[in-house]
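> As a plain string of letters, each chain reads:
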Amino acid sequence: GAVVSQHPSRVICKSGTSVKIECRSLDFQATTMFWYRQFPKQSLMLMATSNEGSKATYEQGVEKDKFLINHASLTLSTLTVTSAHPEDSSFYICSATEEGQGVLGGTQYFGPGTRLTVL
Amino acid sequence: DAKTTQPNSMESNEEEPVHLPCNHSTISGTDYIHWYRQLPSQGPEYVIHGLTSNVNNRMASLAIAEDRKSSTLILHRATLRDAAVYYCILRDLNRDDKIIFGKGTRLHILP
Numbered sequence: 044g045a046v047v048s049q050h051p052s053r054v055i056c057k058s059g060t061s062v063k064i065e066c067r068s069l070d071f072q073a074t075t076m077f078w079y080r081q082f083p084k085q086s087l088m089l090m091a092t093s094n095e096g097s098k099a100t101y102e103q104g105v106e107k108d109k110f111l112i113n114h115a116s117l118t119l120s121t122l123t124v125t126s127a128h129p130e131d132s133s134f135y136i137c138s139a140t141e142e143g144q145g146v147l148g149g150t151q152y153f154g155p156g157t158r159l160t161v162l
Numbered sequence: 014d015a016k017t018t019q020p021n022s023m024e025s026n027e028e029e030p031v032h033l034p035c036n037h038s039t040i041s042g043t044d045y046i047h048w049y050r051q052l053p054s055q056g057p058e059y060v061i062h063g064l065t066s067n068v069n070n071r072m073a074s075l076a077i078a079e080d081r082k083s084s085t086l087i088l089h090r091a092t093l094r095d096a097a098v099y100y101c102i103l104r105d106l107n108r109d110d111k112i113i114f115g116k117g118t119r120l121h122i123l124p
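Those protein sequence lines, which keep their order, are chains A and B.
Numbering-wise (the numbering used here), the first sequence opens with residue 44 and increments by one.
Numbering-wise (the numbering used here), the second sequence opens with residue 14 and increments by one.
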């Protein structure tokens, strides 16, 4: 099946620094990718929809200036957490749908996640 | 979006079948029923999906009620590696592609 990778898998940073997380679809093209955040013992929370070649669509309550999303190609989306603070510590997960499948029962493929710890 | 209701947690013995229920009484005619699962410290993975008919794949079976207001994910022979949170999700044919996760069912497998 299709594979989505994330890099890095784990990152620790100091408060006030920015962190970039990459999400790649390895063997398929994805016009749309999604970014989620998950706190311990909680469900995944959708942050934004990343569209190739256009601006991301953010969910209500997610600060677009803090969580910068760039989807420069059909296989790569990046999430940058700017001026990170301890409350941004979380598990960040991306997903992608294979081009052409759409929502007609199409499967979403999830990355393995990136654990961010802000000191 | 149509909502799903799942038990918070379930337990099962290893090597026995597991039936994970999901209620979706407000399902619309264009909603597919999807199941994903999330193993500890990993991203979710697709398990199975269906529209009206029961479905089988190598991971599980999906039994859909005739009125489509409920469904059951069936793991035929649970192993310790099946311990995960299982999410039942409705996805509309005509809407965008995003998935909104509920709380899911945390499945514990007893050795």
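FYI, nobody ran anything at the bench for these hints, they're computed from the structure.
As the structure is a computational prediction, the values presented were derived from the model and not from experiment.
From the three backbone atoms N, C-alpha and C, an ideal C-beta is built for every residue, glycine too.
There may be inaccurate statements among the hints.
Partial pick of chain A residues on the chain B-facing surface, computed with a CB cut under 8 Å [stated by the list, open to error]: (1) Val62; (2) Thr75; (3) Ser132; (4) Ile136.
> Can you verify the interface hint for isoleucine 136 of chain A: is its Cβ closer than 8 Å to any Cβ in chain B?
5 Å, holds
> At a threshold of 8 Å, is the proposed contact between serine 132 of chain A and chain B supported by beta-carbon distances?
Violated - the Cβ of serine 132 of chain A stays beyond 8 Å from chain B, reaching only about 15 Å at its closest.
> Let's test the interface hint: is any C-beta of chain B closer than 8 Å to that of threonine 75 of chain A?
6 Å, holds
> With chain B as the partner, please determine if valine 62 of chain A meets the hint condition of a C-beta pair closer than 8 Å.
18 Å, violated
Of the numbered hints listed earlier, those contradicted by the structure are 1, 3.
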